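**Q** Sequence:
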Amino acid sequence: MGQIDTPRTLLDKLVSFPTVSRDSNLDLIDWVEGWLDGHGIAANRVYNRAGDKAALYAHVGPMEPGAVVLSGHTDVVPVDGQDWTSDPFTVVERNGRLYGRGTTDMKGFDALALWAMAQAARSDVNRPLQIALSYDEEVGCLGAPPMIDHMLQSDMPRGDTVIVGEPSELTCVTGHKGGFGCHITARGFEVHSSIMHTGVSAIMEGARLIDWANAQNARNRAATPSDVAAMFEPSWTTVHSGTITGGTAHNITAAECRFGLDFRIIPDEDADQWRAEMYAQIARQEAEMKAIAPDAGFVVDEYFQVPALKPEQDGRAETMIRRLTGDNASHAVSYGTEAGQFQERGYSVAVCGPGDIAQAHQPDEYITVAQFNAGQAFMEKLVNELRQ
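Here the working numbering is used: the first residue of the sequence shown is 1, the next is one more, and so on.
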């Protein structure tokens with residue numbers, strides 16, 4: 001077996017691969033697979049349809065079910081337009097912080113997970129350890145489901161306890177919101193704005209749908225939250241539009257308007273019900289639009305759906321993480337992860353990783369040295385427990 005790199009050297013190497021979601025991650029996957037092989041660990045790949053990205057998973061320890069799975073993603077968000085003090089793809093240490101794209105979200109955890117796999121390979125672990133590294137998490141958690149399904153259909157023994165290493169400052173997160181996202185195109189009918197009643201403005205109809213989203217947010221915020229909803233901040237389902245474009249001139253009713261709607265849904269609410277309410281509003285608007293111009297209307301492209309992580313009653317993952325960290329508080333987050341995708345396939349899952357989510361996606365993203373070291377201590381305790 002090769003020499004085990006330190007977690008820091010592994011972090012430096014992983015960050016050096018600019019695996020922005022719009023680009024391939026195969027250079028990183030090639031390196032990780034070779035590194036694992038150097039430690040006697042065979043890895044499996046699961047490619048996307050285009051063949052330019054791949055997920056990777058591997059197993060260490062006895063070939064029996066019940067493994068702990070360390071789940072991370074390999075993609076990062078872009079650095080375009082951000083004002084970085086140093087090269088985003090080179091880890092730089094300053095004032096007790098490790099700066100670089102992905103140091104927190106989530107190559108810090110990935111580095112620690114690889115290090116733990118090598119440690120477990122050198123140990124006589126009595127319970128197996130697995131690693132699962134996905135692609136395209138940042139654009140809708142697209143890469144995890146085919147990877148998980150491949151894991152379940154492979155000859156590799158099934159794991160049962162998943163630690164998703166999204167940054168939680170090493171607290172035990174047992175619930176997060178689910179949701180879905182839509183790219184929406186409103187199609188109008190162009191006329192001079194002085195006779196706008198004879199045309200259909202795609203922008204104004206898009207604005208009506210966005211205002212419907214505002215109304216849902218106001219209604220949800222005013223409602224008394226359920227016990228599950230009260231765990232979250234904010235304690236209600238949110239509907240958000242982050243981008244909008246369209247139109248050709250100020251005095252022409254817009255022929256087209258493009259925008260997004262994203263739903264972040266409380267775990268005890270039904271995503272299909274929210275979907276039905278959105279389409280019902282669209283149908284109401286389309287009836288009015290088509291009365292003026294039959295070709296007017298909306299085109300909806302649902303580009304992601306992420307299931308919520310639902311708190312488990314005495315879940316194996318939660319119990320293990322609390323034992324390793326000593327964290328007995330209740331934590332839920334409003335961001336989504338791949339945890340719900342493992343959970344809906346029968347795994348016990350919780351989120352626990354080093355770093356602060358507030359640093360994710362930011363210019364000069366960083367993880368503190370203290371958090372990274374605490375992550376290494378967590379992995380040491382985990383491997384020691386697997387030896388027992």
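I should point out that these hints are in silico values taken from the structure, not numbers from a laboratory. Warning: the hint list may mix true and false statements.
[Claimed, not checked] For lysine to aspartate or glutamate, the following DMTMM-like pairs were computed, each having C-alpha atoms within a straight-line distance of at most 25 Å:
no., residue 1, residue 2
1, K13, E190
2, K290, D136
3, K381, E64
4, K290, E269
5, K310, E256
6, K310, E288
7, K13, D37
8, K13, D80
9, K310, E93
10, K310, D160
11, K13, E93
12, K13, D270
13, K310, D136
14, K13, D83
15, K310, D149
16, K310, E233
17, K381, D160
18, K290, D301
19, K290, E380
20, K310, E269
21, K381, D87
22, K381, D356
23, K310, E286
24, K310, D262
25, K381, D364
26, K381, D83
27, K13, E277
28, K381, D149
29, K310, D364
Nothing here was measured: the structure is a model prediction, and the numbers come from that model.
**Q** Please work out if K13 and D80 have their alpha carbons no farther apart than 25 Å.
**A** holds (21 Å)
**Q** So if I understand the rule, the pair passes when the alpha-carbon distance is 25 Å or less; does K310 with E93 pass?
**A** Not OK: K310 and E93 at ~37 Å, beyond 25 Å, violated.
**Q** Tell me if the straight-line CA distance from K310 to E256 falls inside 25 Å.
**A** violated (39 Å)
**Q** Taking 25 Å as the top limit, are the C-alpha atoms of K381 and E64 close enough?
**A** With Cα atoms ~21 Å apart, K381 and E64 stay inside 25 Å; holds.
**Q** K13 and D37 were given as a pair; does the straight-line alpha-carbon distance stay at or below 25 Å?
**A** With Cα atoms ~16 Å apart, K13 and D37 stay inside 25 Å; holds.
**Q** Is K310 within 25 Å of D136, Cα to Cα?
**A** Given that 25 Å is the threshold and the Cα spacing comes to 22 Å, the pair holds.
**Q** Mind checking the alpha carbons of K290 and D301 for me, to see if they're no more than 25 Å apart?
**A** holds (20 Å)
**Q** For the pair supplied as a hint, K13 and D83, is the alpha-carbon distance within the 25 Å limit?
**A** Holds - the C-alpha atoms of D83 and K13 are around 23 Å apart, at most 25 Å.
**Q** Sort out whether D149 lies within 25 Å of K381, counting only the CA atoms.
**A** violated (29 Å)
**Q** K381 and D87: Cα distance at most 25 Å?
**A** Not OK: K381 and D87 at ~33 Å, beyond 25 Å, violated.
**Q** Can the restraint linking K310 and E269 be considered satisfied, given a maximum Cα separation of 25 Å?
**A** holds (11 Å)
**Q** Would the hint linking K310 and E233 be met if the CA-CA limit is 25 Å?
**A** holds (15 Å)
Going through the hint list in order, the structure does not satisfy hints 1, 2, 4, 5, 6, 9, 12, 19, 21, 23, 25, 26, 27, 28, 29.
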